[in-house]
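For reference, the chains in residue letters:
2 protein chains.
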Amino acid sequence: MRPLYTDLRVRNLDRSIRFYRTLGFRPTLRGRTSIGEFAQLEHPRGHFTIELNRFPRGSSVYEPYRKGSEMDHFGFWVDDVDQWVRTLRSVGGKVKVAPYDGQVVVPPRPPFSGRAAYVSGPDGIWIELMGPPRGR
Amino acid sequence: MRPLYTDLRVRNLDRSIRFYRTLGFRPTLRGRTSIGEFAQLEHPRGHFTIELNRFPRGSSVYEPYRKGSEMDHFGFWVDDVDQWVRTLRSVGGKVKVAPYDGQVVVPPRPPFSGRAAYVSGPDGIWIELMGPPRGR
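These protein sequence lines map, in sequence, to chains A and B.
For the record, in the first sequence the residue sitting at position 4 is 4 according to our numbering, with numbers rising by one throughout.
For the record, in the second sequence the residue sitting at position 133 is 1133 according to our numbering, with numbers rising by one throughout.
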């Protein structure tokens, strides 16, 4: 039993690849199947792989895209939260919670009182950016 | 920039911890915040961490649970697909696609023509089990 990846359903594969590349992921595989197209991307730090799937109208597994509750967010550690918020905005990310200092809601390791922000990506999935306090 | 985890919103934290423990994840952190409770679990193979969040009614971020499109599935490699389907059923998993041989929809590495199955966990998230052909 070995985890391979987290798979997300996306509406525009190129747009999502661009967004996740900005986060440091590197495309390793892309292809088409009888039901749609997909890409796999690996992050060189963290040994973390995501798979993106797009199922076009007419695919046997197509459904109108519906944002749900189940995928809450991806968590990332960054050295400069503010800079990363600017970077993700420049590729279409929407700021949900602006950078702030203080105890983050769900710390990566307690006690954590660094800087944090939330930015949503192309399909509404939140990216949590956690880093050291400002100026440290 | 370093990926930390995939965070899922769940409705019953103990139930989900039990399910993901069965998949080999080990709890590393559990706690409460002002808005809910959470757990982190790491998989010893794959350096893969998930975070589970439960936000009770009354929490500032509570919403009625709504299954959406965005989190398609988790992909796992296993040595015995049929055995893992039985194991996950024994802890409440529901078989979505029974074990079958042949080309899987989205291969971990092409060409892949092993055995595959899909089982859904407590909150409807699919677990894709991929393994070698039967009898190999």
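No lab work stands behind these hints: they were computed from the structure.
These figures come from a predicted structure and were not determined experimentally.
Every residue gets a Cβ at the ideal spot worked out from N, C-alpha and C, and that includes glycine.
Accuracy of the hints is not assured; some may be wrong.
[Stated by the list, open to error] FRET-style restraints, in silico, Cβ to Cβ:
#	chain 1	residue 1	chain 2	residue 2	range
1	A	32	B	1097	15 to 23 angstroms
2	B	1018	A	66	25 to 33 angstroms
3	A	64	B	1021	43 to 51 angstroms
4	A	42	B	1012	29 to 37 angstroms
5	B	1080	A	80	25 to 33 angstroms
6	A	132	B	1134	46 to 54 angstroms
7	B	1066	A	57	21 to 29 angstroms
8	A	42	B	1028	19 to 27 angstroms
9	A	95	B	1021	29 to 37 angstroms
10	A	82	B	1090	43 to 51 angstroms
11	A	14	B	1101	32 to 40 angstroms
Here is what the structure says about each hint:
The given range of 15 to 23 angstroms is respected by residue 32(A) and residue 1097(B), whose C-beta atoms sit roughly 20 angstroms from each other. Between residue 1018(B) and residue 66(A) the CB atoms are about 28 angstroms apart, so this pair conforms to the stated range of 25 to 33 angstroms. For residue 64(A) and residue 1021(B), the hinted distance range of 43 to 51 angstroms is not satisfied, since their beta carbons lie about 35 angstroms from each other. In this structure the supplied range 29 to 37 angstroms holds for residue 42(A) paired with residue 1012(B), their Cβ-Cβ distance being about 32 angstroms.
The hint said 25 to 33 angstroms for the Cβ distance between residue 1080(B) and residue 80(A), and at roughly 46 angstroms that hint is violated. Look at residue 132(A) against residue 1134(B): about 51 angstroms separates their beta carbons, and that is inside 46 to 54 angstroms. Between residue 1066(B) and residue 57(A) the Cβ separation comes to about 22 angstroms, which falls inside the hinted range of 21 to 29 angstroms. Taking the beta carbon of each, residue 42(A) and residue 1028(B) are about 23 angstroms apart, inside 19 to 27 angstroms as hinted.
For residue 95(A) and residue 1021(B), the hinted distance range of 29 to 37 angstroms is satisfied, since their beta carbons lie about 36 angstroms from each other. In this structure the supplied range 43 to 51 angstroms holds for residue 82(A) paired with residue 1090(B), their Cβ-Cβ distance being about 48 angstroms. Distance hint check for residue 14(A) and residue 1101(B): the Cβ-Cβ separation is about 33 angstroms, which falls inside the suggested range of 32 to 40 angstroms.
The structure fails to meet hints 3, 5 from the earlier list, while all remaining hints are met.
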